[in-house]
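Colleague: Chains as they are written, first to last, in numbering that gives the first Met the number 0: chain S, 0 to 353; chain G, 0 to 294; chain L, 0 to 703.
Any given hint might turn out to be false.
Said to hold, decoys possible - Restricting the straight-line Cα-Cα distance to at most 27 angstroms, the calculated cross-link-like pairs of lysine-lysine (DSS-like) are:
#	chain 1	residue 1	chain 2	residue 2
1	G	K121	S	K55
2	S	K9	L	K413
3	L	K413	S	K21
4	L	K202	L	K173
5	L	K413	G	K121
6	G	K121	L	K700
7	L	K40	L	K281
8	L	K200	L	K254
9	S	K55	L	K413
10	S	K9	S	K227
11	S	K102	S	K123
12	S	K263	S	K227
13	S	K21	S	K225
14	L	K202	L	K254
15	L	K565	L	K200
16	L	K565	L	K202
17	L	K269	L	K123
18	S	K21	S	K227
Claimed, not checked - A short list of chain G residues far from chain L (calculated; beta carbon distances all over 10 angstroms):
#	residue
19	T73
20	D185
21	Q199
22	R210
Said to hold, decoys possible - Sample of chain G residues lacking proximity to chain S, with all beta carbon distances greater than 10 angstroms (derived):
#	residue
23	L26
24	V30
25	A34
26	S44
27	L58
28	P61
29	S223
30	E239
31	V272
32	M273
33	Q280
The set of hints was computed from the structure by calculation and includes no laboratory data.
Every residue gets a Cβ at the ideal spot worked out from N, C-alpha and C, and that includes glycine.
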Amino acid sequence: MAAVSIRQIKKTYPGTGLTILKGIDLTIPDGSLTVLVGPSGCGKSTLLRTLAGLEKPDSGEVRIGDRDVTTLEPRDRDIAMVFQSYALYPHLTVRENLAFGLKLRGTPQADIDARIAEVAPQLKLDELLERLPRALSGGQRQRVAMGRAIVRRPSLFLFDEPLSNLDAALRGEVRVEIRRLHEKLGATMVYVTHDQVEAMTLADQLVVLNGGVIEQAGPPLEVYGKPKTRFVASFLGMPPMNFIDATIEGRVARAPGLSVQLPKSFDVRDVTIGIRPQDVRPNEEAALDLRFELVEGLGFESHVHGRLGDDGAPFIARLEGDEGRKIPKWGKLGLSVSPTDVHVFDRATGRALS
Amino acid sequence: MTVKASANAIDETGGRRTFLGEALVHLALIVATIAALYPVLWVISLAFSRASDPSAHVLPVPRGLSLEHFRAVTETHDAAGRWLFGRQLANSLVVSIATAAVGIAIATPAAYALARFRFVGKERGVWLLMATQMFPGVATLVPLYLILQGLHLLDSKAGLVLVYATTSVPFCVMQLRSAFESIPVDLEEAAMVDGASRFQAFRMVALPAARPAIAVTALFAFMSAWNEFILAATLLSRQEAFTLPVALQRYVGEHGAAWGHFAAGAIIVSIPVMALFYVAQRHIVSGLTSGGVKG
Amino acid sequence: MRHALALLVLLVTWFSAARASAGQVVVWHAYREAEERALDKLLDEFRAAHPGAVVESLAVPYGAYASKLEAAIPHGHGPDVFIDAHERLADFRDRGLVAPLPLSVIDRTAFDEKLLPPLELDGKLYALPIALKCLGLYLRGDATPASLDALPSLAYEAANAYAHAPLLHAFGGKMIEGDRYAFADGPAEQSLSWVAAAVAKGKIPEEASEALILQMFSAGTVNAAISGPWFAADLPRDLAYRVVPIPPVTPGGNKPRPFLTIEGAMLAPKPRDPELAGELLKFLVAPSSAIVRAREGRQVVATRAAWTDAAVASDPFLRGFADAAAEAIPMPTSVAMRAAWEPTTRAIQKVLRGDVTPRAAMAEAARRYADVTRPLPPRADPRFALFLVGLIALFGAFAAVRAARDPQFVREVKGSVSAYAYVTHAVIVVTLLVGVPLIIGAATSFFAGRSGDLHYVGLANYWDILRARGGPLLASGSFYAVLAVTILWTVCNVVLHLVIGVALALLLSRPALRLRGIYRVLLIVPWAVPSYVSALAWKGMFHRQLGAVNAVLRAIGVEPVAWFSKFATAFAANVATNVWLGFPFMMVVTLGALAAVPREVLEAAEVDGATKWQRFWLVTFPLLRPTLAPAVVLGAVWTFNMFNVVFLVSGGEPDGRTEILVSEAYRWAFNRQAQYGYASAYAVLIFLLLVLATRLLRAQKAAA
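Given the sequences, and given the hints that come with them, work out the whole structure.
Modeller: Written as structure tokens, this is what we have:
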């Protein structure tokens, strides 16, 4: 087990001149599950691969435990990685796949057998050990990939979008499985995903990347509740946060169809107001005047799409149960919001104002 | 790219198959098959004929069934009474198998480097490799002889193997390069994370994954050596060192030719390659495309 | 490592020791069947008489014989004694492949006086006569015709200059006179007219090959055939026939004297064991040996004493050829003679096809002769070239130094080191065994002359080729004419490969096709057969009289075609052969590519209302293109240099017009005075053309 520290990692892809990591600083505490999340091309995979040693940074330093591993080969870093494609060796049976890394490290055969015997039942692989990967289902392959990492007992686990090739039902199941595994092993894990649900549910520490820089890092609920940038705010939450350009007058932010109280006063005038759909309540003395356009009813909740005012910003509100269905078409809906649930961002920089 | 057996069934007809349409397809395929086999059948009929010259008939039927030509071709002995044909067959096998092995051994790491590494001189190297295919062999025969002489490898199987293997390298490299490119790079990265060095990842993961393409490429290298006779005739100077095509060539002399013998020999020479093709036919389709000529 | 080195040293010394060892003699020959058996028997006897001596023999395929001698002897890998036709002596002597015989082995009285001068050069004897080969008249039945005119029918290779020579001589003509090409005067014209008339009357079969003559004579379709001693080996054993010298054309006319080839036993310079080699030479021509060769090898032996043997003297076959040989004219050994065959044969072919008058054909032949024997380009001053090479080297060094100083470049090179570990061995062997021969081959194009006697001529070879050796730029055989044929050849082949290959692949990819596996296996058969076998099989199938193609035509009521007599049909025959050889490759590539075309896309197109035809052109084909394009480029390069098919099927016929650039280069290297420099210049031009073409293609692709 080991903590990981990343200092000022920079990476530009040769040939293209594209800078993919622009000086990343990150500390991953020992035994934590850190999730790197962000849109595609944000650099999360490159950062993970840099940790693995599959990419060499142009500058900066990577430490695993007390070792500087920046220039070490992957095999010398004592890490295990689960790939998006699972990367099962097609010519080896499940057992041989599991044993591969151990064999390379010269683990005695008895040890290898023992470890496989230990791990296989956990992942329900005992029946599959003599099969070739092409004879496995997607879920089974995924479990083999996990098993291959687990038998290694590395000081650091790396996951590169390990669930993205599974169907939705299975994904939920395996997500829980991974969390359980983490609790059990207590190992340091770094997990890359673009899926916010995975990110939120799995992470001890959530790291949101965008354009090669870390937008925000912290416990998931903190990142969700106090997004530091408009990007982070937009990235987490479903349906996504509503953003309305507004102007501040005293402690009130105003825009067409909107007039909300703020928890305090700001010295910036041009701001963007962020309100999560689930933070509004139907209320006659409305702070928000939503012109209803359509509703998505999910049964346990409904998402009401509309605009603020006559032709203001688009807005989505989440209502409990079936309430949204009752609104007449082109009707009006008054909404209120608690001042503490209003997020205020500098319109120019996108940073949260606090 | 993955080649699924079921993917063969591309529906060009849109499901509206009629008996007539089906019959026409089979007619076209039968005509093509006959055209493909006709010359071969002629060679076969001549080989089994008592006569030793071709004759003007539409149907390739042997005239006077006889195994005489096969007997004459296979029962050659040298001055010391050793079974010459057997030795020459063995030579051909040894040389061709060694060529395939050496050619693949040389080409595979190079192809892998081209597929996976960026390095100075790569583009130029690939271009030069392609360019060697464009220079006609006519002009290189004599220099090659001199070089082999300098290496003391004239008149030896080793020399022949080296030349065949080397001349097959450019094609093998092109072929294997795309084969490696079609293998997901994840596999080797996984191996390296698992504790393999770069070379171990190549040897233990990429190489086995490329096995079908390597087999097909080896088949081509084998075939080129198995069928070659100009270089063999120039470089070899002992009858018991000859390969089969050189021995076969002897039936075509200055005046006239023993066509019956030639045909019988040709069939014997063709059988191993046909057999290999038959065994490898599915791999040839996928190997050629997944590897191969994809540029 | 040290062990390996020691082993290598040991091997090398052992090799050289083995080569220098005494008591060894190596014999090369191109004999087959009975002649080979007789020779082997004699060598066994010789071994028995020389216990301890190593006597090796090698039967070389005829096609490789000359080039093998030329390659092996100067480097000590060749034979000590070899048997070859006397007419090659002068050439061999010029190239240092033969040595004069030591006086100790020569017994001039053992042979007919007349046989020795052709084996002499500058007063020294270079070979002992082994056997005589010339043309004679094979007859069935008892009557001996008084003249050729009196024969109702006659089979011989009328279009061949060697077979035509007796007629030429009968009319008082000559093939060459000194170094002058003499197939240009009245007698030559008369001889041509006589044959043309006889062919027109149907007395002599058109386009007769050995195989056809054999068949006609065996079957009794003709009762007279002109051929050499080798002809008898293939005749049915129970056939009764006689051999007589060729009778005059008209009764009492000049004797049609054929050319005489004296097969001689020759001695290589620096034999391994001169004494043993001398012994063997003497032994081979000794009377007892000659009798074995005559009786068992059916050779018309040159040793006089052999003819005192009753069985030899009474053999009507041997007797007949001995009589024919007595009248024959020893073949001139000059370079001029060697250069005369190709133009003369072509001239005769043209006349027999009725393309041109004898006069025009002869003029054309004279021009070709001049072409081939034109004097070598003069020595050029190599100083400028050396200066240029030096300059390039200097620039190279300069660039290298500059690159080494560039930190960026150095960093990149350092980053490449791990990759170099994978490619180094390939680079080394490919450079050594592909690159170096290629560079030497290319460099040869700046030289002229025979191997061993090359001189630098600058760009003269290229200049000669590019201005069509001074002739009209588009004359047949000129670089530009051949280039045009080559391009046409490449385009026809590639298009047909593509069309047939893709069509068959589409048919084979139909869903639920029955027998798919069987069709697929059978359709790739052409790929698995060695190409020289298929090429020869196709040549046989296109034979005028014996070929299956004409048999099929006849069966469906179409007039048979003389395939190799017209450019269009000969070219078509070549293309047919090459298409047959090449379509399976394209079919297999397409099958693979088709398997990767997603079914959904085709279904989407169908839902969108595309017809079958539109689906192919608008969906399938564009999706196949990325896979097919490189295969097509590779196929085009291969076809451009497809030597086998053109050389073996049409052989350039008619009149060298179906020759492509590579086969033309081959002819200059191996058929026409071994003009390697000239051939290399062709090779370099081919290379440059292909490089240019692929570059243009790539540029076009990049632009698109």
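Colleague: It remains to establish, for every hint, whether it holds in the given structure.
Modeller: Results of checking the hints against the structure:
no.	hint	in the structure
1	G:K121 x S:K55	holds, 21 angstroms
2	S:K9 x L:K413	holds, 20 angstroms
3	L:K413 x S:K21	holds, 25 angstroms
4	L:K202 x L:K173	holds, 25 angstroms
5	L:K413 x G:K121	holds, 14 angstroms
6	G:K121 x L:K700	holds, 21 angstroms
7	L:K40 x L:K281	holds, 16 angstroms
8	L:K200 x L:K254	holds, 23 angstroms
9	S:K55 x L:K413	holds, 14 angstroms
10	S:K9 x S:K227	holds, 23 angstroms
11	S:K102 x S:K123	holds, 22 angstroms
12	S:K263 x S:K227	holds, 17 angstroms
13	S:K21 x S:K225	holds, 24 angstroms
14	L:K202 x L:K254	holds, 20 angstroms
15	L:K565 x L:K200	holds, 21 angstroms
16	L:K565 x L:K202	holds, 22 angstroms
17	L:K269 x L:K123	holds, 17 angstroms
18	S:K21 x S:K227	holds, 19 angstroms
19	T73	holds, 16 angstroms
20	D185	holds, 20 angstroms
21	Q199	holds, 13 angstroms
22	R210	holds, 17 angstroms
23	L26	holds, 39 angstroms
24	V30	holds, 39 angstroms
25	A34	holds, 39 angstroms
26	S44	holds, 45 angstroms
27	L58	holds, 48 angstroms
28	P61	holds, 47 angstroms
29	S223	holds, 28 angstroms
30	E239	holds, 41 angstroms
31	V272	holds, 27 angstroms
32	M273	holds, 28 angstroms
33	Q280	holds, 21 angstroms
Consistency note: the structure conflicts with none of the earlier hints.
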